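Same order as they appear, the protein sequences are chains A and B.
The numbering of the first sequence is my numbering, which starts it at 5 and goes up by one.
The numbering of the second sequence is my numbering, which starts it at 5 and goes up by one.
Any given hint could be a false lead.
When chains are identical, the list treats them as one kind, so a pair holds in a single copy or across two.
[Claimed, not checked] Result set (EDC-like, lysine to aspartate or glutamate): computed pairs, CA atoms no more than 16 Å apart in a straight line: (1) K17 / D46; (2) K112 / E151; (3) K17 / E162; (4) K17 / D79; (5) K17 / E44; (6) K112 / E137; (7) K112 / D51; (8) K17 / D150.
Don't read these hints as lab results, they were simulated from the structure.
Since the model is a prediction, treat every value here as computed from it, not as a measurement.
Chain residues, written in single-letter form:
Protein chains: 2
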Amino acid sequence: MSSPEAAPARWEKLGEESLAATPILDLHRAHYRHPRRGRERDFIVLDVPDWVNVLALTPDHRLVLVTQFRFGTNDFSLEIPGGVLERGEDPVAGGLRELREETGYSGKNARVLGRVHPNPAIQNNTCHIVLVEDATIAAATQWDQDEEIAVNVLPVDEVYALARAGRITHALVLDALLHFAPVWAGLRPLKSEI
Amino acid sequence: MSSPEAAPARWEKLGEESLAATPILDLHRAHYRHPRRGRERDFIVLDVPDWVNVLALTPDHRLVLVTQFRFGTNDFSLEIPGGVLERGEDPVAGGLRELREETGYSGKNARVLGRVHPNPAIQNNTCHIVLVEDATIAAATQWDQDEEIAVNVLPVDEVYALARAGRITHALVLDALLHFAPVWAGLRPLKSEI
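Chain A extracted, bound-state conformation (with noise of 0.2 Å):
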């Protein structure tokens, strides 16, 4: 549908300086460069650190979820478990972590189900989606000072209708229900639809 001259470029970036630096992000100024035009130009951008969450499976195909109060909406989230990667931290690994700390909860073939980025235009991190299989209590929790976590272990179909009826509103959360869509469905081959 697009005319030639509508193709996007690749603008070149020249550089980028921090205007400010908290514990989650850095708010950074990215200096761009346009190809043909020439133009420079700033943009506002947010250096974040890689971020996991993690679809826990039960043995008996219910998902490990997770209550907690947010800061950022100032309303309780209802969620799948996860949280901030380490520099160079496997997403595997760091997804076992978070599921461990917030819920006790541990599992089996846990591996990437898909990636994302919260959002292109702003933010050049990625979310890592995590499946792990057979998940059973396997220790203590271990919250951050501060961290409240009410634990619910939802049959996963409940799950998917409370993403559908507006309950669960965490847009990365949706994203590893899209994601967890089709793996489900094998599991549940007579599933018509999520």
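Keeping the supplied structure of chain A fixed, place chain B upon it in accordance with the hints.
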């Protein structure tokens, strides 16, 4: 699964101040107090306008996609149209505006299909997912300065295949596809899974 003492408390927000203001978001320090422990603590949050993204379905059941160069990831990204809502702007009106400006398409039966929180942990905004049916080209595009967009109109099944294959990675676009799945299943009764 939770013991009573694990029930997360609703922190009380005592105040919030801006650390940095940018054209796309403001960096805030929010001051909270825990209702039981009395502990006070600051959290970094992003004050961000609401966003909208648009599933524009053509009469022959294709979706209008856009490819743009994105400065956050420093790469191209395949997405659905969308953007920032003006303060107080109706999400449907804003979605139709973004659709028209970015692609020239307009349509019928525009409605909100769902609402997600891009990141409840650190952002206060909502992304509204708008569905537009019978989408056809109705006007010339009106790109912002430095906006270059390639428009591609692809069959719905192909869009889901691209999402599953990791060719569509924008978290909020994938959310729109999750919320659209039941609608699409209704339009295509023979479809067995997304």
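Checked hints:
| no. | hint | in the structure |
| --- | --- | --- |
| 1 | K17 / D46 | within (10 Å within a copy, 34 Å between copies) |
| 2 | K112 / E151 | neither (26 Å within a copy, 46 Å between copies) |
| 3 | K17 / E162 | neither (45 Å within a copy, 32 Å between copies) |
| 4 | K17 / D79 | between (38 Å within a copy, 10 Å between copies) |
| 5 | K17 / E44 | within (10 Å within a copy, 41 Å between copies) |
| 6 | K112 / E137 | within (5 Å within a copy, 43 Å between copies) |
| 7 | K112 / D51 | neither (32 Å within a copy, 39 Å between copies) |
| 8 | K17 / D150 | between (39 Å within a copy, 14 Å between copies) |
In this structure, the earlier hints numbered 2, 3, 7 are contradicted, and the remaining ones agree with it.
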